[in-house]
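> Sequence:
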Amino acid sequence: MWKIDVTGSSSSSWSVAFGGEPLFVAKDTSGNRQPITSRPAITRHPRSIREGVLVLFGTGKYLEVNDDVVDGAPTQSVYAIWDRDGYYNAGLSERNSTGDHGFRRSSLNNPRLDVDSASNNRVIHDYGPNTPVWFDEDGEPVSRGWVVDLPVEGERVVRNIILRDNIALLVTLIPEGDACSAGGSGWFMAINAETGGSPRFPVIDINDDNIIDEQDTLFIDNPFDDLTDDVVANPVGIEMLSIPNLPALLYDDRASDLGSPFPLRANAPRGCGSDGAKSFTYTTRTNGSIVMVAAAHQPLACGRQSWMQTH
Numbered sequence: 047m048w049k050i051d052v053t054g055s056s057s058s059s060w061s062v063a064f065g066g067e068p069l070f071v072a073k074d075t076s077g078n079r080q081p082i083t084s085r086p087a088i089t090r091h092p093r094s095i096r097e098g099v100l101v102l103f104g105t106g107k108y109l110e111v112n113d114d115v116v117d118g119a120p121t122q123s124v125y126a127i128w129d130r131d132g133y134y135n136a137g138l139s140e141r142n143s144t145g146d147h148g149f150r151r152s153s154l155n156n157p158r159l160d161v162d163s164a165s166n167n168r169v170i171h172d173y174g175p176n177t178p179v180w181f182d183e184d185g186e187p188v189s190r191g192w193v194v195d196l197p198v199e200g201e202r203v204v205r206n207i208i209l210r211d212n213i214a215l216l217v218t219l220i221p222e223g224d225a226c227s228a229g230g231s232g233w234f235m236a237i238n239a240e241t242g243g244s245p246r247f248p249v250i251d252i253n254d255d256n257i258i259d260e261q262d263t264l265f266i267d268n269p270f271d272d273l274t275d276d277v278v279a280n281p282v283g284i285e286m287l288s289i290p291n292l293p294a295l296l297y298d299d300r301a302s303d304l305g306s307p308f309p310l311r312a313n314a315p316r317g318c319g320s321d322g323a324k325s326f327t328y329t330t331r332t333n334g335s336i337v338m339v340a341a342a343h344q345p346l347a348c349g350r351q352s353w354m355q356t357h
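Just so we're on the same page, the numbering used here is the position in the sequence shown counted from 1, plus 46.
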């Protein structure tokens, strides 16, 4: 992943940042290079924009001959890389290069992505040691981002990630070599962009009732404590039996009984209408179908958002 410095007023002064070195080189746990063929998404660091940004992207390609071969395909991943260098902290002595001041995959939190056997929905164990620790007691960086490895052989990300309300919406592709099929399958996923874990509230409509409520949560085992009872988890993925395309988001700010703001987060402004604005996420699939995969309360208020004072 490269970063180009275009802060100069003249294009002749533009150059690859970090002395010509990449921001990050994506590799799996075996050291194999992972291709990046989709556009990154950028969000500010959870602490503040003054701490830089998180650069989110997935790895994998579906361009060349034999890219549809699944057996033996290397593992692909979803990344969020902390780019500390930016407009607000350009004076930092520590750079983000992969050279002497760089970081590797070992500096990234690696939440474990599993499938809940009871529902066949994906969950991420994002508590305990999988929660990023951005700074130590001395204020030095600890976690330099997060990485979620895709568990299915041949699974990859070749579509852009969409960021909405600190949630990374993405689709994965699993090729199918059968020419008579609809091309394969994949997963629709919604990951907490700040932590690489589960969203803080339910996002995916796992029971297909077009309502987001407590019925769209799961109870799963705590893998870090055998003595602890099942814990509540918000699903991060549902399987698509045909390759899903990049999702489209639609907003409805009318008063409606479709869904409910569950749970309405602290300090979140209400939308228009008595029940607040809603957002709905649809995707098309290679078998020709259109499916709604997520619905959620839209936290951005509608109506007038600013004012002007004259003297």
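In case anyone wonders, no lab produced these hints; they're calculated from the structure. Since the model is a prediction, treat every value here as computed from it, not as a measurement. We treat Cβ as the ideally placed atom computed from N, Cα and C, and that holds for glycine. Hints are not guaranteed to be accurate.
[Claimed, not checked] Pairs of lysine-lysine residues, derived as DSS-like cross-links and limited to a Cα-Cα distance of at most 25 Å, are as follows:
#1 Lys49 - Lys107
#2 Lys107 - Lys73
#3 Lys49 - Lys73
[Stated by the list, open to error] Pairwise CB distance ranges (calculated):
#4 Ser165 - Asp51: 45 to 51 Å
#5 Asp276 - Asn253: 16 to 22 Å
#6 Trp353 - Asp254: 40 to 46 Å
> Are the hints correct? Go through all of them and say.
Results for each hint:
| no. | hint | verdict |
| --- | --- | --- |
| 1 | Lys49 - Lys107 | 21 Å, holds |
| 2 | Lys107 - Lys73 | 14 Å, holds |
| 3 | Lys49 - Lys73 | 18 Å, holds |
| 4 | Ser165 - Asp51: 45 to 51 Å | 47 Å, holds |
| 5 | Asp276 - Asn253: 16 to 22 Å | 18 Å, holds |
| 6 | Trp353 - Asp254: 40 to 46 Å | 43 Å, holds |
When the structure is compared with the earlier hints, no violation turns up for any of them.
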